[in-house]
Structures are given as C-alpha cells and as structure tokens.
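**Student:** Sequence:
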Amino acid sequence: CGVSPRVGILFLSLLGFLPLVIPTCPVPCKCATNIIDCTSKDLTVEKLPVAFRPSAEIIHLGYNRLTSIPSGLFDNLKSLQVIYLQGNPWECNCDILYLRSWLQWQQNRTLYRDVRCASPAHLQDRIIAYLTEDEIISTCQYWYCSLALLSQLCLFIFLFLQGILVVFIIVYLQKFRRMTAEARMQHLIVTAVQSRT
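Quick note on UniProt numbering: the sequence shown kicks off at 1 and runs consecutively.
For the record, the hints were derived by calculation from the structure and aren't laboratory data.
There's no promise every hint is true.
[What the hints assert, rightly or not] Computed beta-carbon distance windows for the label pairs:
#, residue 1, residue 2, range
1, V166, E135, 46 to 54 Å
2, V82, D42, 55 to 63 Å
3, N76, T132, 26 to 34 Å
[Stated by the list, open to error] Calculated cross-link-like contacts (lysine-lysine; reagent style DSSO-like; alpha-carbon spacing at most 27 Å):
#, residue 1, residue 2
4, K30, K78
5, K41, K78
6, K47, K78
7, K41, K30
8, K30, K47
Where is the CB? At the ideal position from N, CA and C, for every residue including glycine.
Can you build the whole structure from these sequences, using the hints too?
**Tutor:** Listed below in structure tokens is the structure:
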C-alpha cells in the first residue's frame with residue numbers, strides 16, 4: 001500500500017511495549033479499577049503473578065497456598081493501601097524475611113494480625129510482622145549446617161583423591177628410578193663388555 005517499511009517497523013515495536021503501558025490483570029486474578037482479587041486461586045509462590053499494576057490500591061491474596069512472597073514483589077506499588085494475605089500456609093524460614101520486612105514497614109499492622117506462620121512448629125501461629133530476625137534466621141541453620149557438612153564431605157573426598165594421586169606419583173617415580181638405574185647398569189655392563197673386546 002502506501003505505508004513505508006519504517007512506519008511498519010515502528011508500529012510493530014510500539015505494539016511490543018503496549019503491555020508495559022496498558023496495565024493488564026494478572027492471570028488468574030479478577031480486577032476492578034484499582035483492586036486486584038486473587039483470593040482462593042490456588043496460588044503458590046511459583047504461580048504468583050510476577051508483578052501487579054502500579055496503580056493497585058487493594059490486592060487480595062488470601063486463601064491460597066502461598067508459603068512466602070518473592071523479594072521486591074510489593075516494592076513498586078506506590079498507591080497500595082492494603083494487601084489481604086490471611087489464610088495462607090506461611091513457612092517462617094529464610095524465605096519469609098521479605099514479607100516480614102514489608103509488613104513491619106506498614107503503618108497499620110493490625111490489618112496483618114491474621115498473617116501467621118504455619119510452620120515450623122516452634123513458630124506456628126505466630127504473627128509474621130512481630131517475629132524477630134533471629135527467630136527466622138534460626139530456622140535457616142539446618143540449611144547452613146547441611147551446606148557445611150556437604151562442603152566438608154566434598155573437601156574430604158577431594159583430599160582423599162589427591163592423596164591417592166600423590167601415592168601413584170610416588171610409586172611411578174620409584175619405578176622410574178629403578179628403571180633408569182637398571183638401564184644405567186645395563187649400559188655400564190654393555191660398555192664394559194664392549195671395551196674388553
């Protein structure tokens with residue numbers, strides 16, 4: 001027609017940016033003007049939307065299977081007034097640190113009294129916003145201990161293999177010395193025999 005290729009390319013590139021300009025409702029949630037409702041959608045951390053529209057004022061995430069919130073998920077929501085998080089099986093381990101920190105920055109913490117730990121057993125039913133960092137970090141120790149044990153085991157195996165390699169090198173060098181000594185001896189014998197003749 002009468003459209004230049006440059007205009008077509010510009011139009012297609014602008015279409016690529018439309019999702020950034022026009023906020024959409026994250027799947028499988030329902031959205032109204034400034035409300036995002038993801039209640040009872042069987043969401044897990046893996047199925048959670050990667051972002052919410054910045055203009056969102058109210059977000060419903062209650063009654064799902066969320067065990068934690070990915071770091072930074074709520075950071076760019078400048079208009080946010082409240083997020084409903086109750087009814088999720090929150091695991092109060094290292095992964096809950098972001099949510100705890102975010103909750104502590106909220107002015108009206110009474111809205112979040114129902115956001116409680118489901119596990120581990122010693123923190124069960126505790127309000128996440130009121131957990132101390134030490135309480136949460138103490139649940140991470142098993143991971144650090146397992147990592148330390150694994151590291152020590154790998155180090156032991158590595159040193160063991162190095163020891164075997166050193167033994168092989170020593171045995172090879174001794175064998176090589178014997179062979180060179182025998183070769184010298186044979187060379188001396190051959191030289192002595194040749195000099196007599």
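**Student:** Taking the hints in turn, state whether each one holds.
**Tutor:** Verification of the supplied hints:
1. As the Cβ distance of V166 to E135 is approximately 48 Å, the hint placing it in 46 to 54 Å holds.
2. Against the hinted window of 55 to 63 Å, the Cβ-Cβ separation of V82 and D42 comes to about 22 Å, which falls outside the hint.
3. Distance hint for N76 and T132: a CB-CB separation of about 28 Å, consistent with the stated range 26 to 34 Å.
4. At roughly 20 Å between alpha-carbon atoms, K30 and K78 fall within 27 Å of each other, so this suggested pair holds.
5. At most 27 Å may separate the alpha-carbon atoms for a hinted pair to count; K41 and K78 meet this at roughly 25 Å.
6. With a C-alpha separation of about 23 Å, the suggested pair K47 and K78 falls inside the 27 Å cut-off, and the hint holds.
7. Straight-line distance between C-alpha atoms of K41 and K30 comes to about 10 Å, which keeps the hinted pair within the 27 Å bound.
8. Between K30 and K47 the CA atoms are separated by roughly 15 Å; this keeps the pair inside 27 Å, and the hint holds.
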